[in-house]
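Chemist: Residue numbers (the numbering used here), protein chains in the order written: chain A, 431 to 890; chain B, 50 to 529.
Since the hints were made in silico from the structure, they are not lab data. The structure presented is a predicted model; accordingly, all values stated were derived computationally and were not measured. Don't take each hint at face value.
[Said to hold, decoys possible] Computed cross-link-like contacts, DSSO-like style, restricted to lysine-lysine with a CA-CA straight-line distance of at most 30 Å:
hint, chain 1, residue 1, chain 2, residue 2
1, A, K664, A, K722
2, B, K463, A, K639
3, B, K324, B, K463
4, A, K573, B, K126
5, B, K107, A, K778
6, B, K391, B, K432
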Amino acid sequence: MRTKDKKQKIEHRYLSSLSDLTSSERLTDLIDTVLTEAKRQGASSAEAGANLAQGLSLTVRLGELETVEHTRDKGLGITVYFGQRSGSASTTDFTPAALRDTVRAACTIARYTAEDACTGLADPDRLAKDIPDLDLHHPWNPKMETAIDLAQLCEDSARRLDSRISNSEGATLSTHEGLEVYGNTHGFLGTVAATRHSLSASIIAQDEKGMQRDYWYTVSRMSSGLEPPEAVGKQAAARALRRLGARKLSTRRCSVVYEAPVAASLLSHFVSAVSGGNLYRQASFLLNHIGKPVFADHVHIYEQPHLKAALGSAAFDGEGVATAPRDLVKDGVLEGYVLDSYSARKLKMQTTGNAGGVHNLTIEPGDRDLTGLLKQMDTGLLVTEFIGFGVNVVTGDYSRGAAGFWIENGEIQYPVEEITIAGNLKDMFRGLVAVGNDVDTRGNIRTGSILLDNMAVAGS
Amino acid sequence: MSGGLKQARKALLDPAGIGECELERLMANLMTGRVDYADLYFQYSRHESWSLEEGRVKSGSHNIEQGVGVRAVSGEKTGFAYSDEIVMPALLEAATTARAIARQGGKASVPITWRGGGGLRLYESTDPLAGLADDAKVGLLERVEAEARAQDPRVKQVMANLAAVHEVILVARSDGVLTGDVRPLVRLNVTVIVEQNGRREQGTAGGGGRFAYRYFLDDDTALGYAREAVRQALVNLESIEAPAGTLQVVLGPGWPGILLHEAIGHGLEGDFNRKGTSAFAGRIGEQVASEQCTVVDDGTLPDRRGSLNVDDEGTPTQRTVLIEHGILKGYMQDTLNARLTKTAPTGNGRRESYAHLPMPRMTNTYMLAGQYDPAEIIASVEKGLYAVNFGGGQVDITSGKFVFSASEAYLIEKGKVTRPVKGATLIGSGPEVLTRVGMVGNDLKLDPGVGTCGKDGQSVPVGVGQPTLRIDGLTVGGTR
Chain A
431 MRTKDKKQKI
441 EHRYLSSLSD
451 LTSSERLTDL
461 IDTVLTEAKR
471 QGASSAEAGA
481 NLAQGLSLTV
491 RLGELETVEH
501 TRDKGLGITV
511 YFGQRSGSAS
521 TTDFTPAALR
531 DTVRAACTIA
541 RYTAEDACTG
551 LADPDRLAKD
561 IPDLDLHHPW
571 NPKMETAIDL
581 AQLCEDSARR
591 LDSRISNSEG
601 ATLSTHEGLE
611 VYGNTHGFLG
621 TVAATRHSLS
631 ASIIAQDEKG
641 MQRDYWYTVS
651 RMSSGLEPPE
661 AVGKQAAARA
671 LRRLGARKLS
681 TRRCSVVYEA
691 PVAASLLSHF
701 VSAVSGGNLY
711 RQASFLLNHI
721 GKPVFADHVH
731 IYEQPHLKAA
741 LGSAAFDGEG
751 VATAPRDLVK
761 DGVLEGYVLD
771 SYSARKLKMQ
781 TTGNAGGVHN
791 LTIEPGDRDL
801 TGLLKQMDTG
811 LLVTEFIGFG
821 VNVVTGDYSR
831 GAAGFWIENG
841 EIQYPVEEIT
851 IAGNLKDMFR
861 GLVAVGNDVD
871 TRGNIRTGSI
881 LLDNMAVAGS
Chain B
50 MSGGLKQARK
60 ALLDPAGIGE
70 CELERLMANL
80 MTGRVDYADL
90 YFQYSRHESW
100 SLEEGRVKSG
110 SHNIEQGVGV
120 RAVSGEKTGF
130 AYSDEIVMPA
140 LLEAATTARA
150 IARQGGKASV
160 PITWRGGGGL
170 RLYESTDPLA
180 GLADDAKVGL
190 LERVEAEARA
200 QDPRVKQVMA
210 NLAAVHEVIL
220 VARSDGVLTG
230 DVRPLVRLNV
240 TVIVEQNGRR
250 EQGTAGGGGR
260 FAYRYFLDDD
270 TALGYAREAV
280 RQALVNLESI
290 EAPAGTLQVV
300 LGPGWPGILL
310 HEAIGHGLEG
320 DFNRKGTSAF
330 AGRIGEQVAS
340 EQCTVVDDGT
350 LPDRRGSLNV
360 DDEGTPTQRT
370 VLIEHGILKG
380 YMQDTLNARL
390 TKTAPTGNGR
400 RESYAHLPMP
410 RMTNTYMLAG
420 QYDPAEIIAS
430 VEKGLYAVNF
440 GGGQVDITSG
450 KFVFSASEAY
460 LIEKGKVTRP
470 VKGATLIGSG
480 PEVLTRVGMV
490 GNDLKLDPGV
500 GTCGKDGQSV
510 PVGVGQPTLR
520 IDGLTVGGTR
């Protein structure tokens, strides 16, 4: 199923009952209905996913409530196969007529698409059999007043930190609950109920030279896992303050530390380069690198799909394939790609359970914290924010806008901005000097800060 | 009643038995308490996408979405809820949820007289998905693939995508404006990968706009994208390392206008300026660009990807002068920010869908032509960069720093374009960069219809354009 990032909608009668059995049974029935309908319309096999979600997001700005958004989404997507031809369709309308039309739209498309030997459902023996409870579902229904109070406390803590905190884009509290069911005509049926709550603040500091904005956020599957609102606010404000007075650097070559929250981007480029879709299209600089060194010898990168309550955990992937912990890079050598069934067949390999992406991809932390990494670097650039994209996965060419701090004697000297850092990812990965132990666990990629040497920095 | 409204009522209201009385009832429900303004945004959209790779159309998809966004505004506060079911009980419930933002009490609601909101006829109101048979869509992609392969034996992969959206919207506002729009949007994209002596490079081209698929069939347009993608990829095979440092940069016409979108466009959106979070806040009337620069945002260009007959709040689009001869003239406004800053809306209130809140967004943003011949501009540069094609860009509106990433660029040496260089990110400061414009060409061009702008997680189609420009000092993020 490919419904990535698609906003999907929810029926009203489910609003208060996402976590109960009725919702799950209703989605299961829907999957059953559309798979049966697909067979009736002549499909040899089919797979479908359906979801319900609801949430609340509110923003407080300059002490006052600014927006309250109530979200409730639902959706259903189906892929049908006629032998080796396929078609997909999706809808947000769950009425029987709309479901029939959706199946028909998918079947119509399959009449015009070409035969493809690699297309089809995941192999039956790879489908998840026992589905462990990964502790992902912790609904939180704060009273509106409580939610407003938390956001206000967060923003107030930021605004009170320093007289140079001049403005704010606000503090936002969000809570989201979703239920997803996936099934296919091999008889697989899996249900995932998950929650996600977050609190963020985006704060502006100002001095005679101008304004600087920075932000901080906390996110967790459970409300008790969130950082205190005061800590989030203070961190956002402190980060904005320390950027005041930023200057340009002259053009040079130097070492660079990626602060943990931005270091994850480096690993996301790696994931992109070893993803099946880019490999079979020959659109990756890591084509044919299995068994070869791609990172520095000390680097170990692995997936932990079954971590309890983590943000990237999943018992099965988007095709129902069982996930399992595994190494992607061991001693710097590439051990595995990131594959779904289709790309695996194209590459004459086996799926790695990554339809829909990686699950808690982790780079093994080293023994120094950020301060320790800066000491190790001694002189160079600490990058705390990237701007723009500038990454070519076909060639590995890398050139991104950056802001951060100039470091000498392992200590921050002054903030810098309006510079770029450039290199080639192949060299950057091979030359990776060290990983910090300051692991950021707020996303699907878990890394500490990362030290690279010999990057090209362009400035004045 | 305009054609757009008639079609929108038929598609969105009639099936649900919603007429003016029902809209009024919903509005009465919303306007209780201290609500100053409310609107309902009905939307239906059908989207299809066909993808070719390895010589075959292997996948296609079809998606339908519909729903209503309900918004209540009280002072600076906004309450928002939506429903994907267009039926009265669900809409009344969404209205009750949205209006909870406002304190109770205040004025009683007054009867509403519905009136048309005006608007333009910039594009056909036909459904592009139905305008071409499915086998012809597949055939078009296959011809694009064949054309790319025929260009050069070094072409190893061709990926092409054909997509269309048929969207119908209707806006009902508490001030009585009732308006609709039917918006077609098509797009064709080609990416090729070429290989020579183990080195691989890619090239991408495409285009589209608010019209039917036949645009791609006329004048060989689709095959032209295939040839252009191959040309770019082959140029990149010869590219050397890009320079690092601050250089004179000449930007080609058309899509490099992404410079304007990032460097000044976002910074001139009304929300950031009302809140004082933009580096341009409070600077109307100041010189922010060279006298040669006049920049407009124009939602009224026929058939363009960024154009709209009315914006997503029912305001007719217009041509808004942002910078005139270097002087900052105005911001882009939606209704909320216009009301709070006591200015007029400019037809820039846009949203990704009924499930998102509208915000001030750009439409087609471009710089007017100047007086110089492009050849003269290049000849004036002793040592610099000539950048003609770009990937994406981004801006920090508070510090004003922005980037845009070149995907096809060349060195300029002694007034001549010499070797191609690898892609590199260019970085600058929005409030400063246009003050360094040394020469503006006479060759204004708009982009081919490929732009998508993201803000606060919402994507909307946009356009950009500019003539050839010389910027006297921009940081080029190469490696050499």
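Chemist: Are the Cα atoms of K324 (chain B) and K463 (chain B) separated by 30 Å or less?
Modeler: Cα-Cα ~47 Å, so violated.
Chemist: Sort out whether K126 (chain B) lies within 30 Å of K573 (chain A), counting only the CA atoms.
Modeler: 18 Å, holds
Chemist: Under the criterion that the straight-line Cα-Cα distance not exceed 30 Å, is the pair K664 (chain A), K722 (chain A) satisfied?
Modeler: This hinted pair is violated, its Cα atoms lying about 45 Å apart.
Chemist: Taken at face value, is the distance from the CA of K778 (chain A) to the CA of K107 (chain B) at most 30 Å?
Modeler: 18 Å, holds
Chemist: For K463 (chain B) and K639 (chain A), compute the direct alpha-carbon distance and say whether it is at most 30 Å.
Modeler: The hint is violated at about 37 Å.
Chemist: CA of K391 (chain B) to CA of K432 (chain B), is that 30 Å or under?
Modeler: 48 Å, violated
In summary, the structure is inconsistent with hints 1, 2, 3, 6 from the numbered list given earlier, while agreeing with the others.
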